[in-house]
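Asker: These are the residues of each chain, in order.
Protein chains: 2
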Amino acid sequence: MATKGETTRNVILEHAVYLGASMGLESLSIGRLAEDLELSKSGLFAHFKSKENLQIETIRRATQQFVVEVISPALKADRGEPRCRALFERWLEWATRKGGCFFLSAIQEFDDRPGPVRDVLAKTQADWLDTLATAARIAVDEGDFRKNLDPRQLAFEMYSLMMGAHFLYRFVNDRMARERTRAALERLLKDARQDRLGAHKRKN
Amino acid sequence: MATKGETTRNVILEHAVYLGASMGLESLSIGRLAEDLELSKSGLFAHFKSKENLQIETIRRATQQFVVEVISPALKADRGEPRCRALFERWLEWATRKGGCFFLSAIQEFDDRPGPVRDVLAKTQADWLDTLATAARIAVDEGDFRKNLDPRQLAFEMYSLMMGAHFLYRFVNDRMARERTRAALERLLKDARQDRLGAHKRKN
Numbered sequence: 026m027a028t029k030g031e032t033t034r035n036v037i038l039e040h041a042v043y044l045g046a047s048m049g050l051e052s053l054s055i056g057r058l059a060e061d062l063e064l065s066k067s068g069l070f071a072h073f074k075s076k077e078n079l080q081i082e083t084i085r086r087a088t089q090q091f092v093v094e095v096i097s098p099a100l101k102a103d104r105g106e107p108r109c110r111a112l113f114e115r116w117l118e119w120a121t122r123k124g125g126c127f128f129l130s131a132i133q134e135f136d137d138r139p140g141p142v143r144d145v146l147a148k149t150q151a152d153w154l155d156t157l158a159t160a161a162r163i164a165v166d167e168g169d170f171r172k173n174l175d176p177r178q179l180a181f182e183m184y185s186l187m188m189g190a191h192f193l194y195r196f197v198n199d200r201m202a203r204e205r206t207r208a209a210l211e212r213l214l215k216d217a218r219q220d221r222l223g224a225h226k227r228k229n
Numbered sequence: 026m027a028t029k030g031e032t033t034r035n036v037i038l039e040h041a042v043y044l045g046a047s048m049g050l051e052s053l054s055i056g057r058l059a060e061d062l063e064l065s066k067s068g069l070f071a072h073f074k075s076k077e078n079l080q081i082e083t084i085r086r087a088t089q090q091f092v093v094e095v096i097s098p099a100l101k102a103d104r105g106e107p108r109c110r111a112l113f114e115r116w117l118e119w120a121t122r123k124g125g126c127f128f129l130s131a132i133q134e135f136d137d138r139p140g141p142v143r144d145v146l147a148k149t150q151a152d153w154l155d156t157l158a159t160a161a162r163i164a165v166d167e168g169d170f171r172k173n174l175d176p177r178q179l180a181f182e183m184y185s186l187m188m189g190a191h192f193l194y195r196f197v198n199d200r201m202a203r204e205r206t207r208a209a210l211e212r213l214l215k216d217a218r219q220d221r222l223g224a225h226k227r228k229n
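Same order as they appear, the protein sequences are chains A and B. Whatever position you read off the first sequence (first residue = 1), add 25 for my numbering. Whatever position you read off the second sequence (first residue = 1), add 25 for my numbering.
Chain A extracted, bound-state conformation (with noise of 0.2 Å):
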């Protein structure tokens, strides 16, 4: 069982979690997390050191909610195309919820102020990119996608599909985000099973 502390300190990260994929990264204070929680400035003191500290144990933990709401439940899918369209679909629901994406909203934030929150963050996302290109992979050895596919292309093009979904839903409020992300994740797809044309020219 969970003690009082650590009950605390999930609540306490619960909201971290929220406040920094609606309003940013830099929104986070302790002053404002005791505001909203009525917990005690010294006691969240006492928890997180730091601003920065809690700007990095509110990255690890959206990073396991990640895990748990994405990448767990996509990992049940069959290998190949299956868990590849289980990731991006999971993910897409995850970026386009109330709030919008915790990590999207972050690098854009941390972009441009080096330092340890960053490093944090930079791992995180190169470590997704490294989780949808293995997918990728495996998906080429199973003979789903073609043998010259590069999956770190894919990848690449998976997160930019991500990028506009999430630019789409939050700054243009378009109704038509998932479906138009949908219909691209497709395209990317058929490109990725068979490059008919080329495997017609190899034969000749």
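No lab work stands behind these hints, which were simulated from the structure alone. For clarity, every value in this text was computed on a predicted model and none was experimentally measured. Idealized CB from N, CA, C, for every residue including glycine. Misleading hints may appear alongside valid ones.
List of simulated lysine-lysine pairs, PhoX-like, C-alpha gap at most 25 Å [said to hold, decoys possible]: (1) B:Lys-172 <-> B:Lys-215; (2) A:Lys-123 <-> B:Lys-148; (3) B:Lys-148 <-> B:Lys-76; (4) B:Lys-74 <-> B:Lys-29; (5) A:Lys-66 <-> A:Lys-29; (6) A:Lys-76 <-> A:Lys-66; (7) B:Lys-66 <-> B:Lys-76; (8) A:Lys-76 <-> A:Lys-29; (9) A:Lys-172 <-> B:Lys-148; (10) B:Lys-66 <-> B:Lys-29; (11) B:Lys-101 <-> B:Lys-215; (12) B:Lys-172 <-> A:Lys-148; (13) A:Lys-76 <-> A:Lys-172; (14) B:Lys-215 <-> A:Lys-215; (15) B:Lys-172 <-> A:Lys-215.
Selected chain B positions facing chain A (Cβ under 10 Å, derived; list incomplete) [stated by the list, open to error]: (16) Tyr-43; (17) Glu-82; (18) Val-145; (19) Leu-146; (20) Gly-189; (21) His-191; (22) Lys-215.
Given the coordinates of chain A, assemble chain B onto it according to the supplied hints.
Answerer: Then chain B, alone, in the frame of chain A:
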């Protein structure tokens, strides 16, 4: 000839666009600009009245720059696919130069801040998506792109790709950013040019 007031205003806004792109629109303040440019704070107040107005004037100036550097030269390319390519290529240069893209930074910053600044920004992005979609529609009319192409879908995908490029360039510092983006564009255009499988099906 520009008056002294106009010249000063130009110098201020050029610097404001640069700061906005690299540090964010929120970093713009009359005090900061006065310090950087060794001008009097009261003089800057006379020019811009408020921080919000300064931000809006800065967006307008960035839009003028974008028209001069991206749109006008690209419109000299032939109607059809060449013009779509020219728009994208000029835009890629704009987005991956020192400081990054003023607009892609600003929309991330203001996506959760309703108000006049966000409204002006939203209009710039809606106009730009329209410009891209119009170029794609012309390419359909010219016979370069397939008849059943959705020009707004292509515009969305070009936009997403640029967000991905901007992310790789600014956050991951990936020297591959431009190559990956160009490779993705090639596939996008290949898909726009023809739907051979679909054409085959329709013929039978």
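Asker: When the structure is checked against the list of hints, which entries are broken? Sort them ascending.
Answerer: 9, 12, 13, 16, 17 and 18
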